[in-house]
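Trainee: Read off the chains here:
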Amino acid sequence: MKSKKVLIVDDNELNRKLFENLVGQLYDFKSAHNGMEAIEMATATPFDLILMDIQMPRMDGITAMKKIRENEFGSCPILAVTAFADDGDRQNFIDQGFDDFIAKPIRPREFILTIQSHFKKQAAQENDNEKALPSAETLNLETISQLLKYNSREAIKKVYLDFITECAEAIASIEQASAEGISIELLDKIHTLKGNSGTLGATKIFNQSQVCELLGRQNKSLEFKDEIKVLKKHILEFQEFFNNETIFES
Amino acid sequence: MSSEKKILVGEDSSIIINLTKNVLAFENYQMKAARNGKQVLEMLANEDFDLILMDITMPIMDGVQCTLEIRNLADPVKSKLPIIAISGNAANYTPEDFRKFGFNDFIQKPLDYDVVLATVKKFLS
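Chains Y and Z supply the protein sequences, listed in that same order.
Numbering-wise (this note's numbering), the first sequence opens with residue 757 and increments by one.
Numbering-wise (this note's numbering), the second sequence opens with residue 2 and increments by one.
Treat the hints as calculated values from the structure; they're not laboratory data.
Accuracy of the hints is not assured; some may be wrong.
[Stated by the list, open to error] In silico BS3-like links for lysine-lysine, alpha-carbon gap of 27 Å or less:
#1 Lys33(Z) to Lys913(Y)
#2 Lys945(Y) to Lys39(Z)
#3 Lys914(Y) to Lys79(Z)
#4 Lys945(Y) to Lys122(Z)
#5 Lys905(Y) to Lys122(Z)
#6 Lys33(Z) to Lys905(Y)
Produce the complete structure using the sequences and hints provided.
Mentor: Encoded structure:
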């Protein structure tokens, strides 16, 4: 299954056929003959990328792009495809609101590479969002405010620093374990980590320690090995997150 | 007066010990900590407490074994102390299981300290 959907907008049938052939090898696509049609299609369903001719009858590509940007599916990359430009006009198109531009006549390889580069950028951004977004999962600030009811900020900070130390020890044990396999000592460490991370609101570490402990106690060493790597990743992420967290600075 | 109440916590994690100490101090409870079941028994032999918070999973002697030994003590007061289980695997047990083990109540990990205080108060007020 092709996972990406591209909208091709061009009034010239020959151009459309050429673009459809190239895009169709890798992605799903739909075609629009002019700006009005493009707006109708792009507001009805979301596309992952739009290739927009500039000079078209009824409505030009710049106006169509701006209209599409205004609606809920309008944040996808929209690329200007135009004969009236060279590299020097790139900034002009970007200033207008396009993400990029491709000059006509197109060079097939470059054409595809440009589209791919935007999908890659998208994927990287989604990745970043995932990293930045679940800060609540990395460290649940609600837990901290609950702890602050009973503890001074300083006392809590000290507890979290202890937890960081414990995390570092856990990582050392995990690294040793990947050489030696599952041991009772490691499982006990993970069990402690589970209780502490849960109580301190380090939700990702908590969930993953739970998975690891269970697999370890069941002696499923192959799965354990994989999941323990994920646990290590979450621990490192927590340490980094904590180092940048300012909640304890008064 | 809660200021006179003394709580013994059997818990191998120093992080939980520190947090719990602060939380209990907030309500003027005194707290001492033992790192395993054996240490709980030793401290209980030398000192009087009003309540025990007992982690289930501890090295050397776990909380279930320790509670069993406390229930078998000759001392009529110490053998009947309220003991609250703290369990990270509470899903594996029913409340009935905890009672059979000799606990008066149980608290789940991850700890919610509102729950911890409410449960402790239930037995000490």
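Trainee: All hints, please: hold or fail.
Mentor: Quick rundown of the hints versus the structure:
Between the alpha carbons of lysine 33(Z) and lysine 913(Y) the distance comes to roughly 21 Å, so the proposed pair stays at or under 27 Å and holds. In summary, the hint linking lysine 945(Y) to lysine 39(Z) is supported, as the alpha carbons are separated by about 20 Å, within the 27 Å threshold. Between lysine 914(Y) and lysine 79(Z) the CA atoms are separated by roughly 34 Å; this puts the pair beyond 27 Å, and the hint is violated. For a cut-off of 27 Å, the pair hint linking lysine 945(Y) to lysine 122(Z) is broken: about 31 Å separates their Cα positions.
For the suggested pair lysine 905(Y) and lysine 122(Z), the alpha carbons sit about 17 Å apart, so the restraint of at most 27 Å is met. Only pairs whose Cα atoms come within 27 Å are accepted, and lysine 33(Z) paired with lysine 905(Y) is accepted, the gap being roughly 21 Å.
Against the hints set out earlier in the document, violations occur for numbers 3, 4.
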